[in-house]
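Asks: These protein sequences, in sequence, are chains E and C.
Reminder that position 235 of the first sequence reads as 247 in our numbering, one-by-one numbering, no gaps.
Reminder that position 76 of the second sequence reads as 88 in our numbering, one-by-one numbering, no gaps.
In short, the hints are calculated from the structure, not lab data.
Please note that the accuracy of each hint is not assured.
[Unchecked claim] Pair ranges (Cβ atoms, derived): (1) S76(E) - R204(C): 39 to 45 angstroms; (2) G212(C) - V114(E): 22 to 28 angstroms; (3) S76(C) - A322(E): 45 to 51 angstroms; (4) N110(C) - A207(E): 36 to 42 angstroms; (5) D105(E) - E301(C): 49 to 55 angstroms; (6) R121(C) - A102(E): 42 to 48 angstroms; (7) T208(E) - G212(C): 37 to 43 angstroms; (8) E369(E) - G132(C): 44 to 50 angstroms; (9) R376(E) - R122(C): 39 to 45 angstroms; (10) A321(C) - E120(E): 30 to 36 angstroms; (11) T208(E) - S76(C): 36 to 42 angstroms.
Glycine residues also receive a C-beta, built at the ideal position from the N, C-alpha and C atoms.
So the chains spell out like this:
There are 2 protein chains.
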Amino acid sequence: MAVRQIIIGAAVGAGLGGAATFFYLRQQQQRVAVAPAAGGFAAAASHPALKWGMPVGDRLRLFSDYVASFDTRLRNPRWVLEHINRERLAGRDGNRQNSEFVEDSGIERRFRSKLEDYKGSGYDRGHMAPAANHKASQQAMDDTFSLTNMSPQVGAGFNRDYWARFERFVQDLCKRCDDVYIITGPLFLPQRSGATQANGAPGFVMQHPMIGTPPQLMAVPTHYYKVVLGEFSGGRRAAVGAFVMPNQPIDPDTPLASFAVPISSLEEVAGLRFFPGYLSDARREAVDETALVVQSLGFAELRKLKPGAAPPLLPAPDGSLQPPLPVPTPGALSPGALPPTDQRRSLGAVHVCEHTECRLPAERFWEAGGGGKNGGRALRRTRSAPPA
Amino acid sequence: MAVRQIIIGAAVGAGLGGAATFFYLRQQQQRVAVAPAAGGFAAAASHPALKWGMPVGDRLRLFSDYVASFDTRLRNPRWVLEHINRERLAGRDGNRQNSEFVEDSGIERRFRSKLEDYKGSGYDRGHMAPAANHKASQQAMDDTFSLTNMSPQVGAGFNRDYWARFERFVQDLCKRCDDVYIITGPLFLPQRSGATQANGAPGFVMQHPMIGTPPQLMAVPTHYYKVVLGEFSGGRRAAVGAFVMPNQPIDPDTPLASFAVPISSLEEVAGLRFFPGYLSDARREAVDETALVVQSLGFAELRKLKPGAAPPLLPAPDGSLQPPLPVPTPGALSPGALPPTDQRRSLGAVHVCEHTECRLPAERFWEAGGGGKNGGRALRRTRSAPPA
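Throw the hints in and build the complete structure from the sequences for me.
Replies: Below is the structure:
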């Protein structure tokens, strides 16, 4: 019995997900024998509807330095989860000049993303887990060039500029944190349709381009998100935050804080619950309370630069489209300016923008030469044409 | 060791999927100890990126007579898999008059579909596994009223008409098959954008309405699919087929065959592989070959009724947008008119439209009174207003 159970576990962990477990067992022509104690699994394995297996969809993929779930419908990663710290970042054995973009042979060709989908599309093959975070070994670096880690990003003004600065901001959290966990992924945000729903509520529409060749098209995300969790104080506390940016050129002067979003809102549009082992409802709510303040302050700063700027992207958790914007306190975004309440202190979770300055590195920081041989963003490897 | 492995199995089978397994283990504050033999699972459990768990997305849900995967992003089922046969259909203990539409309490409220999303939306709460297929017990009937089994369908002209006749066509396969397995789900098909991609290829866009309240919006599918697998000849052979219909009023005279699609094409736009335990590549290819003939014949029939009708919905597996349409043979859609080749005969799989007549039951067949107390489609229970 123990051996058979281990086999079941292995099938799940091998990167195929729960739906594939049954497939695996069927392929082995094994009758699943699970003790009554197994409950749910026994119920699934013996369910009369499952004689010929469950449909197989998204794939879980394990790489040396990151884990990804790949969305076989939109042919984009659903999420990419990586771990970095000072020690890993200090490594210099991986060189991106030796890495090539590769299709993920662990996914059937008709479901994976393909080199030809990107070719001449006008979009960059944008890393979700950045290559610059994984220089500790050549294998780790190579792994970040798997197309399972890529999504079609607008190059000029986004992937090669604002987003690159944002990636560096996240990497720099390691200066103030021991271990940093980062989830990155594409997002498909609906927009107001201009019409109303039948019941009079505002109407919404999902709309985004698809590239490649039908029926195996790949979606072009409207936005990208990152959720970060940086442990500090020996693991007793953590800085947490979520940011959402549009997949389009972003004015380099836009304050980072204006892209802060409540984790709840992001979770609800992404259909994902992030860091379930850490973010209890209470912790998420505490961090989200600060996120709304950060967002409001960032938006106020943005309005000073651009009086007509649109309000923040994601609605507040209560469903209102425009969160209540408190009167901003000038300079309130520096660390310590938002002292945690007693309750939040007891939970151990603070917002990223309370723990570090909510500012991006300078434009084209990589030209300053501080990054070592792989520190620069090797733009010459981005072969795609600039976006139309 | 055996007990711990069983716990792992149970967590997977309990309906949370692979991603949730780790979460479960973290919640138990257990360190996962898996023997090296467990391979993949051990790798996932010990991957340094997964300290705080994987993101939790789609949910696997087990009901008495069907299994469903729920898409927590689009708040629609991704697929619903049911099993029917003559014996189950003969049951009369379930009465839809005693069933109520209910939210699925097995999914957190912010990720599930809600009664209020449908209220006044103009869309029906459309069953994926039809209530009429699950009358053997009240529990089975009640289970089909879970919102996890629902998707927003256009009522008049579709859910209450053409789709209802299609559901009956599928049910009637039990007259010629022993056990019938049916996968039903929403589909989101891109359309030509009118523009071109940067490389000169035709442009495509995904576009569909969203209903409800942000950020917890629910998608309105552009289409619906069914994939059916009916065993016959004591299980030695099977009739297989896939159909895709638009979520809009359909002219009742439209030939069913014109909605036949190659399973490969459907799989590639849905991001799912169907019946993996039965449909080997060879079997799928054999059935798809016939599906293209069926589709072409159906389209030719349609063109006789409507000279300007648009070509079939889904492209051929080779990626061409309009499959090569062979010259139709009049009356070729009756059973036996498409004799299986020797190769296909040896594989045991034929197309549904080779095994039964590819014709829907009459319009408003339920008014003929042949369906017993639950045979009719109880339109009075559909409280939604007709679509705008």
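Asks: Does each hint fit the structure? Answer for all of them.
Replies: Structure-based check of each hint:
The hinted range of 39 to 45 angstroms is satisfied by S76(E) and R204(C), whose Cβ atoms lie roughly 41 angstroms apart. In this structure, G212(C) and V114(E) meet the distance hint of 22 to 28 angstroms, their C-beta atoms being roughly 26 angstroms apart. In this structure the hint that S76(C) and A322(E) lie 45 to 51 angstroms apart at CB holds, the actual value being about 49 angstroms. For N110(C) and A207(E), the hinted distance range of 36 to 42 angstroms is satisfied, since their beta carbons lie about 38 angstroms from each other.
Separated by about 51 angstroms at the C-beta atoms, D105(E) and E301(C) satisfy the suggested range of 49 to 55 angstroms. Range check, R121(C) to A102(E): Cβ separation about 45 angstroms, and the 42 to 48 angstroms hint holds. Between T208(E) and G212(C) the Cβ separation comes to about 39 angstroms, which falls inside the hinted range of 37 to 43 angstroms. Judged by the Cβ atoms, the range 44 to 50 angstroms given for E369(E) and G132(C) holds: they are separated by roughly 47 angstroms.
For the pair R376(E) and R122(C), the supplied restraint of 39 to 45 angstroms holds, since their beta-carbon distance comes to about 41 angstroms. In this structure, A321(C) and E120(E) meet the distance hint of 30 to 36 angstroms, their C-beta atoms being roughly 34 angstroms apart. Between T208(E) and S76(C) the C-beta distance comes to about 39 angstroms, which sits within the given range of 36 to 42 angstroms.
Hint check: no violations occur; every hint is consistent with the structure.
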